[in-house]
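Kindly produce the complete structure, drawing on both the sequences and the hints.
2 protein chains.
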Amino acid sequence: METNGGNTSGSECALEQPQLRTGTLPTGRVSALSAEIIAIGSELLTPERTDTNSLWLTEKLNDIGVEVMLKTIVGDDEARLEETIRDALKRSDVVITTGGLGPTEDDVTRQVSARSVGRELVYHQKLEDDLRERFKRWGREMPEINKRQAFVIDGAETLPNPNGSAVGMYLALDDKHIAVLPGPPREMQPMFENFVLAKLKAAAGNIVVRRRVLKVSGMGESSLDEAIAPIYVTFPTVQTSILFNKSEVEVHLAAKSDDAAVADAVLDGLANKIVGKLGVAVFSVQDETMEEVVGKLLTAVRKTLAVAESCTGGLIGSRLTDVPGSSAYFKEGAVVYSNEAKVRMLGVSEKTLADFGAVSAETAGEMAFGMRKRAETDYAISVTGIAGPDGGTMEKPVGTVFIGYAEAEKTRTIKMTLPGDRYLIRWRSSQAALDYLRRQLLKSSEHH
Amino acid sequence: METNGGNTSGSECALEQPQLRTGTLPTGRVSALSAEIIAIGSELLTPERTDTNSLWLTEKLNDIGVEVMLKTIVGDDEARLEETIRDALKRSDVVITTGGLGPTEDDVTRQVSARSVGRELVYHQKLEDDLRERFKRWGREMPEINKRQAFVIDGAETLPNPNGSAVGMYLALDDKHIAVLPGPPREMQPMFENFVLAKLKAAAGNIVVRRRVLKVSGMGESSLDEAIAPIYVTFPTVQTSILFNKSEVEVHLAAKSDDAAVADAVLDGLANKIVGKLGVAVFSVQDETMEEVVGKLLTAVRKTLAVAESCTGGLIGSRLTDVPGSSAYFKEGAVVYSNEAKVRMLGVSEKTLADFGAVSAETAGEMAFGMRKRAETDYAISVTGIAGPDGGTMEKPVGTVFIGYAEAEKTRTIKMTLPGDRYLIRWRSSQAALDYLRRQLLKSSEHH
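Chains as they are written, first to last, in the numbering used here: chain A, 1 to 448; chain B, 1001 to 1448.
Hints may be right or wrong, so weigh each one.
Only pairs whose alpha carbons sit at most 30 Å apart, straight line, appear in this in silico BS3-like list of lysine-lysine [as the list claims (entries may be wrong)]:
{"#": "1", "chain 1": "B", "residue 1": "K1296", "chain 2": "A", "residue 2": "K396"}
{"#": "2", "chain 1": "B", "residue 1": "K1351", "chain 2": "A", "residue 2": "K296"}
{"#": "3", "chain 1": "B", "residue 1": "K1246", "chain 2": "A", "residue 2": "K60"}
{"#": "4", "chain 1": "A", "residue 1": "K296", "chain 2": "B", "residue 2": "K1246"}
{"#": "5", "chain 1": "B", "residue 1": "K1351", "chain 2": "A", "residue 2": "K303"}
{"#": "6", "chain 1": "A", "residue 1": "K215", "chain 2": "B", "residue 2": "K1246"}
{"#": "7", "chain 1": "A", "residue 1": "K373", "chain 2": "B", "residue 2": "K1373"}
{"#": "8", "chain 1": "B", "residue 1": "K1373", "chain 2": "A", "residue 2": "K351"}
{"#": "9", "chain 1": "B", "residue 1": "K1246", "chain 2": "A", "residue 2": "K246"}
{"#": "10", "chain 1": "B", "residue 1": "K1060", "chain 2": "A", "residue 2": "K246"}
{"#": "11", "chain 1": "B", "residue 1": "K1176", "chain 2": "A", "residue 2": "K90"}
Just so you know, these hints were derived from the structure itself, not from any lab.
These numbers come from a predicted model, not from an experiment.
In structure tokens, the structure reads:
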């Protein structure tokens, strides 16, 4: 299968793309409802924005065994929207629309969805009264235009919206289910969870889909697939997908069953075999970030950390402190972009800088050593490298990065040559430094 | 119009959503072709991935005056894909598909697109020979399965793919244009630019769409719209959209014309009026990031900067150094998460910390003062605040942030109360600090 754009970079060698095992969930002995999601709004057809509600909805639908077969993004265009809804209802069991329920003229979802199912819109006095009441609480008069939001498809259930003025609608029509939801996520999500999910779950026959996300560092997509393909092919009821992110590869596992315990057992069996094969390269089996994993390890051993950064410019500190509670183990950081700062703040020797350069194993080592000493922490890590676009040489091309690690008894460094543009090299440097720390922490804990 | 999820947070008050002026480009006296984009691949229907190729394609299409009316994301499912392509050809002038051209069985775009236009697939010996040759250069034998990639829709133009094994196809059919492109962006993008764009441009009649993006800080969507609506309504031929990002509001302007100079003149006229109204709140008229703008200002006056960060943990340094060439003005940073680090690295007085707390104007001021002194830079900025989720009090709730600014003669601070979760508060703190610096730099330059 050819991999599409998605949110990730393409594979490095298009002729040798690994087989992505994705697609429909293996059905086994359970059947599934099919769904389509229609995102409505002309702003979603601009180069700047796209629908993201469907990702959240897809996860919720998959969890109850409902498969998303098609997604459409359509503008506030009555003819195209009507055709889209009608076609979706012909093809699929569940149709969910998001957006287009505002009070203004250009929001057409209300009347078009009614027309698509061959029903009238009916006026609900109570909805208008509620709306007036809400505006009053906001200290405002309800604009007359908002009256449009008191109209609902005849026979549809009205779905309350505590976070906005647009109510949603739900209608079961023969074997079809249609839910008409507002566009803003903070309105759409609670409405779906509180009023739609249970109905679809009942219709889907209480099928569950369980998932695991394994995160892997230090391996490419191809070599990962080569290593684990012989394992996952022996689990035909598990859908295995290998996804590439900025600097890590993820293995997504999903199993569908009418018995959650069965699905969990199958997934645990496969996950354990994969971890057994890959060892410490798997840094999380529960979809954690590298900074979360490092934070947990440090917390477990009650140790503290400081970070000295050159080419990453604060990115490692920023990632570490993105984790709530990180102040328990992260104490301080130094961003030493200039040579003077490396000398003054971290005690890197002028001779080292002169003899080996700022981008060298020697400098990385002294940075980590000096950082740990000055911050009085248990560990320190450091990064110095060439992120580009300029600054590369024959000997040290763009992407050359040295990582340092210091603990009480020793200082260690590694050299990496990372591919990508400035953004990716910086990200991958931060990931490599955190991963190096993680591997050192695991080694230390083995020895004790 | 109701705003949809997109990539941004919802508006703060759903009942008072500003009118987003989006939707179809004003056509004026020029007509436009309509287009649909179909992204193909089951992996695009998972909760983890979505089509992003369409954003890039939309921009290219809009630039030549072609409007995207509908986007579909469909799996490797023959029936649904055929229906999607047929419907798109009925409704729209241009149909572009991406993905599903790989060599394996589950890639069905080749045969389904042929069937949708009522033509056969024909075998091209030369394509197979080329492919064999490429594999040879990779030091490999061509797998027999790749022969499938030597089949092309009868009568279609073959579009070469230097970056992968899947050729594309282009077919003009009566007044319709269909382009069948591979999914990976690095294959799809050059193919579209080199072989499809010119054909569509000719069909569209050499219409151009010119754009401007104005970025605004320190104002909400509503107040911005209130301020500039009286201006943009007097430019009915310009499409004006107000988009909200994490911590800034963007004003997107687009004008369509068969004369680029005319479109540019209209846009400049409107942009100048908006800048005249909003003043320094507009930090870029060419879609730059805040860190790029600050970098340009510092470069222009040849001044240097250091940064002391507490709650942002390195994020400001990371953003500043994300800009190539930033080493010319950014010298160093200190991430002082602990009180001890604030004292030891920056010389914040213990008494200040005891009397006013780490999150206070006094501490922010001493952080900036100490940072500037130790780094020997022209300026320093600092941030200290409560990013949450814990740590808030009645007096200083989560979101309380103090920003410090130091130059030779003075130190200044401001207090902000920022909404959002930990991630947003940290991001907005970094943005507010850079913006504060920017405004101080503009003031200084006025005085000289």
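Worksheet item: Hey, B/K1351 versus A/K303, does the alpha-carbon distance stay inside 30 Å?
Response: With Cα atoms ~28 Å apart, B/K1351 and A/K303 stay inside 30 Å; holds.
Worksheet item: Keeping to a limit of 30 Å between CA atoms, is the pair of B/K1246 and A/K246 held or broken?
Response: Roughly 21 Å separates the two Cα atoms, so the pair holds.
Worksheet item: When you check the alpha-carbon spacing of B/K1176 and A/K90, does it fall within 30 Å?
Response: holds (26 Å)
Discussion item. Hint check: B/K1296 vs A/K396, CA-CA at most 30 Å. Holds or violated?
Written reply: Holds. B/K1296 to A/K396 sits at ~28 Å (cutoff 30 Å).
Discussion item. With the threshold set at 30 Å, check whether the alpha-carbon distance from B/K1351 to A/K296 stays at or below it.
Written reply: violated (34 Å)
Practice prompt. Given the hint that B/K1060 pairs with A/K246, test it: the Cα-Cα distance must not exceed 30 Å.
Written response: Holds, at about 26 Å.
Discussion item. Between the alpha carbons of A/K296 and B/K1246, is the straight-line distance 30 Å or under?
Written reply: holds (28 Å)
Worksheet item: Given the hint that B/K1246 pairs with A/K60, does the C-alpha gap stay at or below 30 Å?
Response: Given that 30 Å is the threshold and the Cα spacing comes to 25 Å, the pair holds.
Worksheet item: Has the given pair, A/K373 with B/K1373, been kept, meaning a C-alpha gap of at most 30 Å?
Response: Holds - the C-alpha atoms of B/K1373 and A/K373 are around 22 Å apart, at most 30 Å.
Discussion item. Checking one constraint from the list: CA of B/K1373 to CA of A/K351, max 30 Å. Satisfied?
Written reply: Holds, at about 25 Å.
Worksheet item: Are A/K215 and B/K1246 close enough, with their CA atoms no more than 30 Å apart?
Response: holds (28 Å)
The earlier numbered hint that this structure contradicts is number 2, and it is the only one.
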